[in-house]
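Engineer: Heads up: the protein sequence lines correspond to chains A and B, in order.
Each residue of the first sequence is one higher than the one before, starting from 1015 at the first, in my numbering.
Each residue of the second sequence is one higher than the one before, starting from 4 at the first, in my numbering.
In short, the hints are calculated from the structure, not lab data.
No experiment lies behind these values; they were computed from the predicted model shown.
All C-beta atoms in this analysis are idealised placements derived from N, C-alpha and C, irrespective of residue type, glycine included.
Treat the hints with care, as some may be off.
[What the hints assert, rightly or not] Footprint (simulated), chain A over chain B, 3 or more residues, beta carbon under 8 Å:
| id | region |
| --- | --- |
| 1 | 70-81 |
| 2 | 142-155 |
| 3 | 177-188 |
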Amino acid sequence: MFSLRLSFQVAVVATFLIIVTGIPVAYFLAQRNFKGKELLDMIFTLPLVLPPTVTGYYLIVIFGRNGFIGKIIYNLTGWTIMFTWHAAVLASFVIALPFMIKTSRAAIESVDKNLINASYTLGHSEFETAVRVILPLARKGIMAGAVLSFARALGEFGATLMLAGNIPGKTNTMPIAIYSFASSGEWSQANYLVILLTFMSGIFLYLANRYSKRTF
Amino acid sequence: MKTVFIILLIIFSMPYFITEYTDAAEPQEITVSAAISLKNAFEEIGKLFELKYKTVKVRFNFGASGDLARQIEGGAPVDVFASADQKDMDDLEKKRFILLDSRINFAGNTVVLIMPVDSNINLKSFNDLKAGQIKRIAVGNPKTVPAGRYAHEVLHYFKLLPEVQNKLIYAENVRQVLDYVARKEVDAGIVYSTDAIIRAKEVKIITTAPQNSHAPVVYPVAVVSTTRDINLSKAFVNFLITDESRAILKKYGFIIPKK
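Please model the complete structure; the sequences and the hints are all you need to start from.
Structural biologist: This is the structure we're talking about:
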């Protein structure tokens, strides 16, 4: 099942990028105070509340063949991200990132300040404190964020369809394949994928709940 | 707290209570689902129809004929259906979703190969689509878009499949194909000549597909069997073959069948 494999590939890559980007961003939002901090937080959270098609629209404006950044990339390399599986990763990344940031920021903010201060008084640098004290203590929330982001990335449709298109064998992720089958009246194929996706989403939700309750 | 809750409840339920009451006669409405290639012509025809039948409002629902047919099968409250191919209408006829005696063919079209207007790739014919310089070709999704099926027939006729299959980018309707070409997201695309005219400043027609390379593009229209107003729907269908409507269709480049 190509779309199953592709969906996983896209979701895994997107989640990896989300973890690598999300944790530092969440840390800075939680620990630092600077002018415009809440504005920055709002910008990062925007894809969470905007309809995915609006996010998709903005991504096309920025990364499309004629977009701000897309045009530069095209002129330098002759390559455009549109209609590639990378575009699906981009869409999933932007849309699911807020899940990671929100959950991780909350987890980091709820780490006992006494423990953080204790680490500083013992002479550790901020980086050491972050890596050896704060993040480990916040790991439940961070893992919950990662699992939620993965689930959201797996189910991304609107923005993905706009950026990556519906190209069988190249960019048709499971949600897009379901849409395609339903559009052409192929309900039994759609059924199969729908059940699969529902089942997997259920598992991820269960895992996310477990992580936010138990200590590891 | 309770006051806030009550106020919010009132605000969010307001849309249900605020309606426009006028003393004039309530407008009758018909919903016309039409192939998106008919968009510009139908919007004009719709205005003429409303002028003629003063209390009528025409609501258009444009999209890929396949999507529209699925909507009707799914029970969408549509009164008239105009498709860009016989197949989607045949599907509905088989399942008894249209009134057989209302079905007529009212327009025709031709299939063209287009490129972005400022493209400097040397493309002269469908055969040139094999060239390495052509990396992406937009066509409609053959599953739901008639233009996509015609495109496949043309590519098959010129023996370009399976060679160019990898270059094909499927769009959800023919206007999206047009948009992809206009936005230079692809190197070439296959649309109807009537679509190319709409964005003549952004796309250029390279060549027209020979008549025998695809099934004839003939647009049928019919009254949907679940219509709420048979007379009004039949009136709209008949309006499409009046001289005024034919003149509009001709203006947009459609082929008009002889009376």
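Engineer: Each hint should be assessed against the structure and marked as holding or not.
Structural biologist: Against the structure, the hints:
1. 70-81: With 3 residues close enough to chain A, the hint holds.
2. 142-155: holds (count 3)
3. 177-188: holds (count 3)
When the structure is compared with the earlier hints, no violation turns up for any of them.
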